[in-house]
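Engineer: Below, each chain spelled out in residue letters.
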Amino acid sequence: MKSMQTPIIRAERVEKYYAQPSENRIQVIAPMDLEIVEGQIVALLGPSGSGKSTLLRMLTGLSVPSAGQVYWHEKPVATADVNVSIVFQSFALFPWLTVLENVEAPLKARGMEEAERRRRILKILDTVGLDGFQTAYPKELSGGMRQRVGFARALVVEPEVLFMDEPFSALDVLTAENLRSELLELWQKKTIPTKAIFLVTHNIEEAVLLADRIIVLGRNPGRIRTDFCVNLVHPRSRKEDAFSQLVDYIYKVLTEPEAQPPELPQTIHGDARPPRKYQMLPHARPGGVAGLLELVRDHGGRYDMYRLADDLLFEIDHLLPIVDAAQLLGFLNVSEGTAVITPSGTDYANAEISGRRDLFREAATNRVLLLDQIVRAIKAKSDHTVSEDLFHDMLDEQFTEEETVLQLETAVSWGRHAQLFDFDASRRCFIQPEKWRPQETSSAESVA
Amino acid sequence: MIGLPGSLSSIRGRETLARAQALKRTWPVVMDLCIAAIGLACFYGVVRIAHYWMGHAEPEIVISLSPRALPLYAFYSVVRIGLAYVVSLLFAVGYGYVAAHSRRLEPLMVAGLDICQSIPVLSFLPGVMLAMVALFPTRQVGVEMGAILLIFTGEVWNMAFSFYSSIKSIPRELNEAATICHFSRWQRLWQLELPYGAIGLVWNSMVSVAGGWFFLMACEMFVLGSRDFRLPGLGSYLQTAASNNDTRAMVWGLAVMIGIIVAIDQLIWRPAIAWSNKFKFEQVEGGTHSRSPLLHLLTHSGALQSLRRHTLAPMSEKIYCSLAERRTRRIARTQGATGSAATGWLRWVVIAIFIGGVIYLASEALALLREVSKPQFWAVMRGAGATFLRVNVSLAIAACWTIPVGVAIGFNPRLARIAQPLAQIAASVPATALFPVILLALIRMGGGMGIASILLMLIGTQWYILFNVIAGAMAIPSDLREVAQLFHFTVVQRWRTVILPGIFPFLITGMVTASGGAWNASIIAEYFHLNNRTMQTVGLGAQISSATDDGQFQLLLLSTVVMALMVVTINRMVWRPLFRLSETRFKLEG
Numbered sequence: 001m002k003s004m005q006t007p008i009i010r011a012e013r014v015e016k017y018y019a020q021p022s023e024n025r026i027q028v029i030a031p032m033d034l035e036i037v038e039g040q041i042v043a044l045l046g047p048s049g050s051g052k053s054t055l056l057r058m059l060t061g062l063s064v065p066s067a068g069q070v071y072w073h074e075k076p077v078a079t080a081d082v083n084v085s086i087v088f089q090s091f092a093l094f095p096w097l098t099v100l101e102n103v104e105a106p107l108k109a110r111g112m113e114e115a116e117r118r119r120r121i122l123k124i125l126d127t128v129g130l131d132g133f134q135t136a137y138p139k140e141l142s143g144g145m146r147q148r149v150g151f152a153r154a155l156v157v158e159p160e161v162l163f164m165d166e167p168f169s170a171l172d173v174l175t176a177e178n179l180r181s182e183l184l185e186l187w188q189k190k191t192i193p194t195k196a197i198f199l200v201t202h203n204i205e206e207a208v209l210l211a212d213r214i215i216v217l218g219r220n221p222g223r224i225r226t227d228f229c230v231n232l233v234h235p236r237s238r239k240e241d242a243f244s245q246l247v248d249y250i251y252k253v254l255t256e257p258e259a260q261p262p263e264l265p266q267t268i269h270g271d272a273r274p275p276r277k278y279q280m281l282p283h284a285r286p287g288g289v290a291g292l293l294e295l296v297r298d299h300g301g302r303y304d305m306y307r308l309a310d311d312l313l314f315e316i317d318h319l320l321p322i323v324d325a326a327q328l329l330g331f332l333n334v335s336e337g338t339a340v341i342t343p344s345g346t347d348y349a350n351a352e353i354s355g356r357r358d359l360f361r362e363a364a365t366n367r368v369l370l371l372d373q374i375v376r377a378i379k380a381k382s383d384h385t386v387s388e389d390l391f392h393d394m395l396d397e398q399f400t401e402e403e404t405v406l407q408l409e410t411a412v413s414w415g416r417h418a419q420l421f422d423f424d425a426s427r428r429c430f431i432q433p434e435k436w437r438p439q440e441t442s443s444a445e446s447v448a
Numbered sequence: 001m002i003g004l005p006g007s008l009s010s011i012r013g014r015e016t017l018a019r020a021q022a023l024k025r026t027w028p029v030v031m032d033l034c035i036a037a038i039g040l041a042c043f044y045g046v047v048r049i050a051h052y053w054m055g056h057a058e059p060e061i062v063i064s065l066s067p068r069a070l071p072l073y074a075f076y077s078v079v080r081i082g083l084a085y086v087v088s089l090l091f092a093v094g095y096g097y098v099a100a101h102s103r104r105l106e107p108l109m110v111a112g113l114d115i116c117q118s119i120p121v122l123s124f125l126p127g128v129m130l131a132m133v134a135l136f137p138t139r140q141v142g143v144e145m146g147a148i149l150l151i152f153t154g155e156v157w158n159m160a161f162s163f164y165s166s167i168k169s170i171p172r173e174l175n176e177a178a179t180i181c182h183f184s185r186w187q188r189l190w191q192l193e194l195p196y197g198a199i200g201l202v203w204n205s206m207v208s209v210a211g212g213w214f215f216l217m218a219c220e221m222f223v224l225g226s227r228d229f230r231l232p233g234l235g236s237y238l239q240t241a242a243s244n245n246d247t248r249a250m251v252w253g254l255a256v257m258i259g260i261i262v263a264i265d266q267l268i269w270r271p272a273i274a275w276s277n278k279f280k281f282e283q284v285e286g287g288t289h290s291r292s293p294l295l296h297l298l299t300h301s302g303a304l305q306s307l308r309r310h311t312l313a314p315m316s317e318k319i320y321c322s323l324a325e326r327r328t329r330r331i332a333r334t335q336g337a338t339g340s341a342a343t344g345w346l347r348w349v350v351i352a353i354f355i356g357g358v359i360y361l362a363s364e365a366l367a368l369l370r371e372v373s374k375p376q377f378w379a380v381m382r383g384a385g386a387t388f389l390r391v392n393v394s395l396a397i398a399a400c401w402t403i404p405v406g407v408a409i410g411f412n413p414r415l416a417r418i419a420q421p422l423a424q425i426a427a428s429v430p431a432t433a434l435f436p437v438i439l440l441a442l443i444r445m446g447g448g449m450g451i452a453s454i455l456l457m458l459i460g461t462q463w464y465i466l467f468n469v470i471a472g473a474m475a476i477p478s479d480l481r482e483v484a485q486l487f488h489f490t491v492v493q494r495w496r497t498v499i500l501p502g503i504f505p506f507l508i509t510g511m512v513t514a515s516g517g518a519w520n521a522s523i524i525a526e527y528f529h530l531n532n533r534t535m536q537t538v539g540l541g542a543q544i545s546s547a548t549d550d551g552q553f554q555l556l557l558l559s560t561v562v563m564a565l566m567v568v569t570i571n572r573m574v575w576r577p578l579f580r581l582s583e584t585r586f587k588l589e590g
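Quick note, the sequences are listed as chains P and V, same order. Residue numbering for the first sequence follows our numbering, starting at 1 and increasing by one per position. Residue numbering for the second sequence follows our numbering, starting at 1 and increasing by one per position.
Treat the hints with caution; some may be incorrect.
[Unchecked claim] Below are the DSBU-like pairs computed for lysine-lysine, each with C-alpha atoms no more than 30 Å apart in a straight line:
no.	chain 1	residue 1	chain 2	residue 2
1	P	K123	V	K318
2	P	K123	V	K278
3	P	K123	P	K139
4	P	K195	P	K75
5	V	K280	V	K374
6	P	K139	V	K278
7	V	K374	V	K278
8	V	K374	P	K139
9	P	K123	P	K189
10	P	K252	P	K190
11	P	K252	P	K189
12	P	K195	P	K123
13	P	K123	P	K190
14	V	K374	V	K318
15	V	K168	P	K139
Think of the hints as simulated: they come from the structure by calculation, not from any bench. Source: prediction; values computed, not measured.
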């Protein structure tokens, strides 16, 4: 994230109160400052009655603050041409309009001509997975599909900031999970030109899953209790320790409304780059991952895990490390026992050998901390050689001796496959792969 | 707003659908021919009406009692009611829109609606008629416009109120969605407010037009001071037949009237209801759906479709574009200066003139009231008391029979299937048309005008209660009824704990409407010309009618004010608290 950039939306000392006939007024939101900057998903958490929705409406210009001012690109929001959208909890679709007409409505309001409208609508319907539903009425669709229409209507105008008011809470758990991950994917791959997302939710896990920054509101009157960044890498898993620590932390903040917010847990502390935890590398060979991905791809992109094991006559225990590896690399998503290939996984499965290697390298450095650290260490050293012991000691703190050895072995096998580094077995150290050191003759020997 | 239950035509619906499927291939041509025929008929009708209206005012029209005159009379009456309805619709939408959107005018306009609704049609008569005749002294169109405006005053208020309350009850998130999508007022009206209010408007249109038929006789033939106004039409035909004691003509007139009402129901209201289903604000597809062959014809006609494609679509496209341009210009402008002071001044001047005018007219009216003599004043008060009693007696009788019957129908789908269409037809026959028949029979049996007037109020208003009770009984969830069965509730227990609380909100809605209707009906029920004789009884309605006849404006004004005051007071003191109670305590959350 760039620092010192001008915020898209800036709220300055905004507050909301309702005047009472008797002199005292009801303060809904105490004066607060808030900024929404480019590149962030901001989640707003808080107990009911803390003014989450009111704050969202003030930031969008739907509701005028009782005092203070909201700025849109440093212009007062009332006079600016604000380009935002809202996805509503109740979907707020017009039931008498078809899906197409619903999505068309905001474009019509902007006076866009028909051909351009059609083009945009078809594109967005395709993006959110509503192809072929143009002529359906919202009441003919399931809740999840209806919220897709809600997303399509919000995104079709290409908003700079996408506001969401508890967008998933009217949906069942699985549908919500599905929509969440799709949204995250659109955001991360920049399929949509949206520059920031502002999410109001009462679901702590949802906030931790999606947000780059979390703001927790307190009530009586609504006020910001804590505001921090979340640096966990995507996709985040509920099983990660850092994840559950963060959830516990927010839970604590919410359940002790009077207390001063406790310290953030060390593992996720925003600014001082926290010592991150090593993921447990599954003991799978890269070739196994490739094979699995091809299988899933050929099976239409999704495969029930137990069926997969059955079909291959595999023990599920042998299959799991491969699946875990694919998941760790972001090639596969597993939920509720079903493996679903991700777009990057599809790319990988479809690529040629050298292409695969590049994709694997990219995924490995982005997602596997140990590999990333090894590469950085090699680059940093003047002789481009790093002793295995360095990592052995660091891994030791987290794993058993036996497991540490296995972890390093797997790291070497993955690093070699991706041509991230090589391993000199005689000196027990990591070295640069061959192509990076043209002047040296290869002295690498392989370990079994 | 009256929540009439949707008709139970789902069984018929499937059949129509099948037929439509079978005929799909050959229909479009036939449909276009039908549309063309309807178009030609409309054209001829317009020419005919224009010819008649633009003709010279006919000083004394003699109403012919020959059945051969009936088609033309019926045509005139239908056009009157239709035009009055169109004007009402436009006015209602405009009034409701302004009332809902202007924060300053809102309380004033809502109170105005409340009062106007409680003023009986006849009280508008002198003002409207004299103004119209003065406007077009030599043409028939003056009197005609007067009659149409009179019908309009009876039709418009509940529609305006329905549209106002629809706009007010639009869910907040829908409104916000419209705002965040940059809807212009125009787009908001067409894509949000009108669709949301459509169902209420359709049901209230039906009630309004039924009211138009109810007061048709009063609007087509009346005496105003020394002048005798008669317009050729079905209402005047029936009234003349009644006063001449011509039974044959009365039967003919009634038959034609019922025929027209049934035809309008089939040709206009059924399709309208089927069409308005589209605007139901529901999250899931409902079970029952009324369908209409005529609607099918209209929506599938190739001619109409291409007409829309070539006229309306490009037009709306242009409107949207220019509105969007205006919006960007406005934004560019607001970043500069704020509004000028001149418009502010102008507004204050207009408001001052308006207030001045109102004060002047009100004081004039008060001056008129001073002319009322003491005995006249007491007569009006006595009449008010008598009418108050009568209205309540008729309400009580109506409630007594409609509650058990309505609950029985609502609980028993098979009975509902048979009874509901019958009840709808019965309800659509205007009680005023039957009134002469009933009055004659009663007089022969020795009953007086007092009983007859209660009977007329009853016939005119009981349906509101019946339909609402049926809807209420249907809305009681079956698990509540099953609980009652499971615990072996006694009959009394069942009524006290399940049925009465369950139908309470609906019952109140029906009673409010019925009470208002009964007050309005009193002007016809208590005062009637029969056999060149004026039958009348003590009552506020009789006071109003006779004051109109005699041209005693001060008396008319006084009795109208008293009636409006009483209706509004009763609404505020009795119905509104009950309504609130039903909204809070007896609301069944879906």
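Engineer: If a hint holds in the structure, say so; if it doesn't, say that too.
Structural biologist: Okay, the hints, checked on the actual structure:
With a CA separation close to 24 Å, the supplied pair K123 of chain P and K318 of chain V stays within the 30 Å bound. Under the criterion of a C-alpha separation no larger than 30 Å, the hint pairing K123 of chain P with K278 of chain V is consistent with the structure, at around 27 Å. Restraint check: the Cα-Cα separation between K123 of chain P and K139 of chain P comes to about 23 Å, which is no more than 30 Å; the hinted pair holds. For the given pair, K195 of chain P sits about 18 Å from K75 of chain P by alpha-carbon distance, which is consistent with the 30 Å threshold.
Between the alpha carbons of K280 of chain V and K374 of chain V the distance comes to roughly 55 Å, so the proposed pair goes past 30 Å and is violated. Among the hinted pairs, K139 of chain P with K278 of chain V is consistent with the structure: their alpha-carbon atoms are about 10 Å apart, no more than 30 Å. Between K374 of chain V and K278 of chain V the alpha-carbon distance is near 58 Å, which puts this suggested pair outside the 30 Å criterion. For the suggested pair K374 of chain V and K139 of chain P, the alpha carbons sit about 64 Å apart, so the restraint of at most 30 Å is broken.
Between K123 of chain P and K189 of chain P the CA atoms are separated by roughly 16 Å; this keeps the pair inside 30 Å, and the hint holds. Only pairs whose Cα atoms come within 30 Å are accepted, and K252 of chain P paired with K190 of chain P is rejected, the gap being roughly 34 Å. Note on K252 of chain P and K189 of chain P: the hinted pairing is violated, with a Cα-Cα distance of about 33 Å set against a maximum of 30 Å. For a cut-off of 30 Å, the pair hint linking K195 of chain P to K123 of chain P stands: about 19 Å separates their Cα positions.
Pair hint K123 of chain P plus K190 of chain P holds up; C-alpha atoms about 15 Å apart against a cutoff of 30 Å. Only pairs whose Cα atoms come within 30 Å are accepted, and K374 of chain V paired with K318 of chain V is rejected, the gap being roughly 65 Å. About 23 Å separates the Cα atoms of K168 of chain V and K139 of chain P, which keeps this hinted pair within 30 Å; it holds.
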